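In order, the protein sequences belong to chains A and W. Counting along the first sequence from 1, when you hit position 55 you're at 146 in the working numbering, and nothing is skipped either side. Counting along the second sequence from 1, when you hit position 85 you're at 497 in the working numbering, and nothing is skipped either side.
Honestly, the hints are just simulated from the structure, not real lab data. Nothing here was measured: the structure is a model prediction, and the numbers come from that model. From the three backbone atoms N, C-alpha and C, an ideal C-beta is built for every residue, glycine too. The hints are all genuine.
Simulated DEER-style distance windows between Cβ atoms:
(1) A/Ser285 - W/Arg630: 30 to 38 Å
(2) W/Leu721 - A/Ser272: 27 to 35 Å
(3) A/Ser285 - W/Ala613: 13 to 21 Å
DMTMM-like, lysine to aspartate or glutamate: derived pairs with alpha carbons at most 25 Å apart:
(4) A/Lys282 - W/Glu650
(5) A/Lys282 - W/Glu654
(6) W/Lys612 - W/Glu650
(7) A/Lys282 - W/Asp578
(8) A/Lys282 - W/Asp660
(9) A/Lys282 - W/Glu451
(10) W/Lys520 - W/Asp490
(11) A/Lys282 - W/Glu647
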Amino acid sequence: MILAVDTSLGTAVAVIDADGRTVAEASTPDPLGHAEVIGDLLAQVAQPGITHVIAGMGPGPFTGLRIGIAAARTFALGRGIPVIPIPSHFAIAQAADIQGRFAVVTDARRREIAVSVFDGADADGIPHLVLPTRLEKRGAELAEPVHEVTELSASALALVGARAIAAGRTLADAEPLYLRSPDVVQPGAPKRVSA
Amino acid sequence: MTTTEPLVLGIETSCDETGIGIVRGRTLLSNTIASSMDEHARYGGVVPEVAARAHLEALQPSIERALAEAQVNLDDLDAIAVTSGPGLAGALMVGVGAAKGLAVSLGKPLYAVNHLVGHIAADIVAGDAEPIEYPTIALLVSGGHTSLLHVRDLTTDVELLGETVDDAAGEAFDKVARLLGLPYPGGPQIDRAAAGGDPKAIRFPRGLSKASDLERHRYDFSFSGLKTAVARWIERAEANGEEVPVADVAASFREAVVDVLVTKALAACQDRGVPRLLLGGGVIANRRLREVTLERAAAAGVTVRIPPLSLCTDNGAMIAGLAAELISSGRGASTLAFGADSTLPVTEIQVSPA
Ligand SMILES: [Zn+2]
Numbered sequence: 092m093i094l095a096v097d098t099s100l101g102t103a104v105a106v107i108d109a110d111g112r113t114v115a116e117a118s119t120p121d122p123l124g125h126a127e128v129i130g131d132l133l134a135q136v137a138q139p140g141i142t143h144v145i146a147g148m149g150p151g152p153f154t155g156l157r158i159g160i161a162a163a164r165t166f167a168l169g170r171g172i173p174v175i176p177i178p179s180h181f182a183i184a185q186a187a188d189i190q191g192r193f194a195v196v197t198d199a200r201r202r203e204i205a206v207s208v209f210d211g212a213d214a215d216g217i218p219h220l221v222l223p224t225r226l227e228k229r230g231a232e233l234a235e236p237v238h239e240v241t242e243l244s245a246s247a248l249a250l251v252g253a254r255a256i257a258a259g260r261t262l263a264d265a266e267p268l269y270l271r272s273p274d275v276v277q278p279g280a281p282k283r284v285s286a
Numbered sequence: 413m414t415t416t417e418p419l420v421l422g423i424e425t426s427c428d429e430t431g432i433g434i435v436r437g438r439t440l441l442s443n444t445i446a447s448s449m450d451e452h453a454r455y456g457g458v459v460p461e462v463a464a465r466a467h468l469e470a471l472q473p474s475i476e477r478a479l480a481e482a483q484v485n486l487d488d489l490d491a492i493a494v495t496s497g498p499g500l501a502g503a504l505m506v507g508v509g510a511a512k513g514l515a516v517s518l519g520k521p522l523y524a525v526n527h528l529v530g531h532i533a534a535d536i537v538a539g540d541a542e543p544i545e546y547p548t549i550a551l552l553v554s555g556g557h558t559s560l561l562h563v564r565d566l567t568t569d570v571e572l573l574g575e576t577v578d579d580a581a582g583e584a585f586d587k588v589a590r591l592l593g594l595p596y597p598g599g600p601q602i603d604r605a606a607a608g609g610d611p612k613a614i615r616f617p618r619g620l621s622k623a624s625d626l627e628r629h630r631y632d633f634s635f636s637g638l639k640t641a642v643a644r645w646i647e648r649a650e651a652n653g654e655e656v657p658v659a660d661v662a663a664s665f666r667e668a669v670v671d672v673l674v675t676k677a678l679a680a681c682q683d684r685g686v687p688r689l690l691l692g693g694g695v696i697a698n699r700r701l702r703e704v705t706l707e708r709a710a711a712a713g714v715t716v717r718i719p720p721l722s723l724c725t726d727n728g729a730m731i732a733g734l735a736a737e738l739i740s741s742g743r744g745a746s747t748l749a750f751g752a753d754s755t756l757p758v759t760e761i762q763v764s765p766a
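The whole structure should be built from the sequences, with the hints applied where relevant.
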C-alpha cells in the first residue's frame, strides 16, 4: 500500500493498494490551516502495511507546502519506509483525463499562476510533462487549453508515485518546487538617524 | 507509558535552529542542533523563509542523528514533543508537520508545548545540578525574545512579568554590530570589540528605566531607543571628524543592555520575594551578562542558575524535557488539532490538551 500526502493546495492524503485502488482518502480544500489538519487527516488513513510514502513537492505557496513534505518524511521515517517526491501537478494531470496538450494551472499567489504543460501519458503510464513548471502572470495568454484547479486528488498522486516506483524513475528532487527565491534584500549601509 | 522516566523526542523549529532532543525523564540522551545561522549572516538577521527552508532540509537527518546518539529506536519512544509557539510561524509549521507525521506513523502521543517555558525546562535536563527549586524568576534573552517570568510551577503556573516592547536584546546586539561595521551575529562580535573598552565611557540610555516608565513598564524592556542613541553618538563623532572609539562604544552599549536586564530581573526577585533567578536564551552566551548577573545577584542574596550554553540556545532537548515533566505530572497528550502559534502566551504551557 502507498500513502500520498500533499499540501500544495488544500491538504490531501490517501492510501492506495497494489492494484491502484483507493483504500482510504481524506482531504480539505482549505488553502490555509495545513498545520492544524495534517495530523487528523493522516490519522484517518494511516494503517499497517504501508510500504512507501509519496510526498507532493509542489508548486505551492511556500508555507503550506512544506508541512505536507515534513509530515510525509517523518511518517516514512517512523515506519522505516522510503519517501518518494512527486511534483504535485502530475497528480492533477493524472486525474484530468484530457486528450492532447493541456496546461495544468494552480494559483501561485501574488497575482501569479504556476503552469505545467502535459501531453498524454508516457510508456510507464505517467503523465507526460512537455514543458517544465513555470510562473506566469495571472491573465497571461497560454498556448494550451487551461485546466485550472484549487484541489488535487492524493489518490492520483499515489498512483503516479506507484508508477514511478514500478518504473524506477525519479520525477522530482528532494527540494520542494519553490519557483521563487526567498524575499530578502541584502542590507545596505545603516540609515542615518540624526537630522 | 512509563510515566516516571518517559522517553521523549522533542522537535524545536521556532527560529533558525533545527533542534532535536531526546530525554529519558530528566536525563539528557541527545541534543542535536542544526543551525541555519550562516545562511542569514549576509542579511544581517534571521530571514523567516530562509529559516523555514533550512528546517525542512535539516529535520530528517537531525532526527536520525539524535536517535543514533541516544542509541534508541523510534519504537522505544513514549511520546513526541514539539514547539507550537511562540516563534516564526512558517518555521514553527515545519516542526508541527514533522511532529504530527511522526506521532501518527508511530501511534505515539504528541505533546505540543510552549517554547519559552521550554527554556525553563532546559535547566532540568542539564544534569548533575540539584533539581531546580520553585518559585523562580526566569530571564530569557535571545535574538527572538526578551522575557521576564515568574515560575511557580513549571507545568502549571508560569506568569509573564514583562517582555520587550520593541527589539529583542539579541536583535539590538545585531543592529549595533552593523552600526560598528561588525558582522552578524552581533553578540559575540560586540563582546570581542568591547574587550579593553571602557563600559563607563559613554552613558547610553537604559530603556524603560525612568520613574515615569517604571510605573507601567516595571518589568518590560525596550532596546530600540538605545540602538538609536548609539547610532546618533557614532554619527556625531564622525561629523566632528573624530575616530569612533569602537571598543568604548561596544563596551558602553553592552553595559547599558546588561544593566537594564539585570536590574529588572533582580527587581522582580526582590518584589516577588523570590531569591532565585534562572537565565536562558542564546544571549546568555554573553560573558559580561553572566558576570554582572552573578555579581549583583550575590550582593542581593539571589541564587543564579545558568544551564550549559548548548541548552540555553534554542534546542529540542528542552522541549522534550518539558513534555517529560508534563507526562510525569500525569498530563495527557495534546490532540492533533493544534497549529503553530507565533504569539503563544507563556501561560499556555501545553497547547491543545485533550
Ligand atoms: Zn528561544
